[in-house]
Amino acid sequence: MSAPPVQAPPAAATAPVPAPQSRRERRRQQRLAEREDGIPAEFYGLRRGTVPLLTGLAFVFAIFTLVPIAWIVINSTKTQANIFETFGFWFARPFSFFHNFSLLFQNVDGYGTYIQWFGNTVLYAALGGAGATALSAFAGYGFARFSFRGSRVLFYFTIAALLVPITALTLPLYLTYAKAHLINSIWGMILPSMISPVGIYLMRVYVDLSVPRELIDAARLDGAGEAKIFFRVALPLMVPGFMTVLLISVVAVWNNYFLPLLIFNINTRYPLTVGIGLWSERAQNSGNAQLFPMVVIGGLVTIIPLIALFLILQRYWRSGMLLGSIAN
Amino acid sequence: MAAISLRALTKVYATGITAVDALDLDVEPGEFVVLVGPSGCGKTTALRMVAGLERITSGTISFGDREVNDVSPRHRDVAMVFQNYALYPHLTVYQNIAFALENKHVPGPQRDRRVREAAEVLGLTDLLRRKPRQLSGGQRQRVAMGRAIVREPAVFLMDEPLSNLDAKLRVQMRSEVLRVHHSIGAATLYVTHDQTEAMTMGDRVAVLRDGVLQQYATPRELYDRPANVFVASFIGSPEMNLYEASLEEHHDGMAVALGSQRLGLPDQAYRAYLGRKVVVGIRPEDLGDPALDRLAGATAAGAHSQRSRATLTADARFAEMLGSEQHVFFSIDATPAGGATAAGSAGQAGLLADSEPNGVARLDPRSAIRAGGKVTFSVDTERLHFFDPDTGRAIEAAGD
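Chains as they are written, first to last, in my numbering: chain A, 361 to 688; chain B, -9 to 390.
The shape of chain A in the complex, shown without the other chains (with noise of 0.2 Å):
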């Protein structure tokens, strides 16, 4: 059995296509293929209508999804009376965005600056990130390709992890910082946020599927040290997998509310979250309405690094990957 052709021809091309040259023209070569390869939707056996309708309900819920960031969207430039005064999903003259964005980089009130927070949660989101990835790949392929005493159990633990809410650990881990001294250190912010269950999970899950153990065994016998096989054979399989819990991981501490704010109380260590959190309680209780443009551009500009992200890793994943290593 030889694997199928990793480019193959549209079926049925309507004209002689010329034999694609650019990178986009391959790329859109490669989608038809694959859309080749799917069953069309009338061949499932529905009833006439029902994909229109799923689609429809879908489309539905995309738009209850999408408003919120169109409201941010257009708010962002809005001066704060207009915030209010104005019709929410429809701009408004005067046209305030560039002030407002210039305003996060000033600390209006002396509780701190937008920039300096952005600052933290970059720093936090980057070790947090890469920790939680580095340890999820290490122990992920460690379930998966090794079997020592104790690694099912181990392995139940990391499960029941992912079940307990951090809600619910609140005090014991703000004592256990107490004592350690972790209260207002960065390491109490990243340490906590390099134990990543899911990652681990999920990278068990990839190794199983994407690195096959007769190429690990294939490594051994050719000599490999074990490092040299996660690194040199495993690794550039799990590349996808790797990629998938390093943008979670990533979210996941940029996104984090309620660990800082729980180790923080110094107005310069604060995140993102914890920030604006604190800009929107002033500007609600304390009277200091000039803080709400800055809520809202501040929201905008927080979710903006996390879409780049997005977009940025979204080339690794890729399938096809052990194409011609095996046989089948």
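Quick caveat, the hints were computed from the structure, so don't treat them as lab data. Beta carbons: idealized from backbone N, C-alpha and C, even for Gly. Take the hints with a grain of salt, since some may be wrong.
Claimed, not checked - Derived DSBU-like pairs: lysine-lysine, alpha-carbon spacing no greater than 30 Å straight-line:
id, chain 1, residue 1, chain 2, residue 2
1, B, Lys158, B, Lys121
2, B, Lys94, A, Lys588
3, B, Lys121, A, Lys588
Said to hold, decoys possible - Counterexamples of contact, computed for chain B against chain A with all Cβ distances above 12 Å:
id, residue
4, Ser(-5)
5, Ile7
6, Glu21
7, Pro28
8, Asn59
9, His183
10, Val202
Mind docking chain B on chain A? Use the hints.
Frame of chain A, contents of chain B only:
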């Protein structure tokens, strides 16, 4: 001293299943030994134990005079070709082949020379910069071989390396593997379930069944003198015809009672079993067309062959013409004895049990024997095989 020697090698899985049972096997330096058996007979497990990928329950494995039981696969210096190739998909052909040398810290220029030599031997020189996914099945198989031979190992293991190739390529690669083997001369242990591969490739062949070694001999000897019913039916295609029979007094000599028919035996070699039940085995090619036999008999050693000829009347069900030979599937009123599968491929043809053929003859294509109705075969009674029905072991002819 043997290059590989296995002593009482045993593997019992945690589930209590014995995969390999007290296997003794010696592979001489430069020898090509095939381990063959039906699927699940423990041959791959045995090979993986030799490689160090599977823990040994008991017994010893030695390479030369060095016992390797507790040596990790990394330090055993064995090369292995996997059934599914197990190429590193993200590395080029060159890097795949060089990987082992890299691990051994072979200096650059020497590494490069050896990779290129291996590629030369296998005809991969033009493909060195490709990735495995850009190769055909046969080319991938070659890369897997290249990765193994570049190491110049003392011990070479192959786990069904040809089973993923199509039939034509498989035949081609058989001679290729042997050519490579002769050029590197390493002791080789080759696992397959295909008896044709075993017969054509092995210097010696070890037949394994349920983890137990059945016979370890040259292909010729396996074919001519199978040690038991299992080997007799496993080796050879089409399979040997095996029937329950008994040995009787007949005129002045002995005969085999096969259903309602008697086949006179040329000598008294099996007198010890007179009056007892036996299993008789007849190779399909030892059945012939009497008309053609007479033509052949007129030429040479006729007198002798006439003496050892008996006839067998059977009901011919259907025939397969292969061009170079024809297979006539027939039934006789004897009970087939349990071989690997009773009637071989014939079973699929008959819908009704009583119409199923229980034997096959391999005839010259010029033979006029056709399917449908009674036919008479000549039987070369010197080449009958006898087995003890209780133990399944071959009955040795008494010396004459």
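Evaluated hints:
1. Lys158/B - Lys121/B: holds (24 Å)
2. Lys94/B - Lys588/A: OK: Lys94/B and Lys588/A at ~13 Å, within 30 Å.
3. Lys121/B - Lys588/A: holds (20 Å)
4. Ser(-5): holds (20 Å)
5. Ile7: Non-interface label stands for Ile7/B: nearest chain A Cβ at 18 Å, farther than 12 Å.
6. Glu21: Consistent with the label, Glu21/B stays out of reach of chain A, its closest Cβ about 21 Å off (over 12 Å).
7. Pro28: holds (20 Å)
8. Asn59: About 17 Å separates Asn59/B from the closest Cβ of chain A, which puts it past 12 Å; holds.
9. His183: His183/B clear of chain A: closest Cβ-Cβ about 15 Å, beyond 12 Å.
10. Val202: holds (26 Å)
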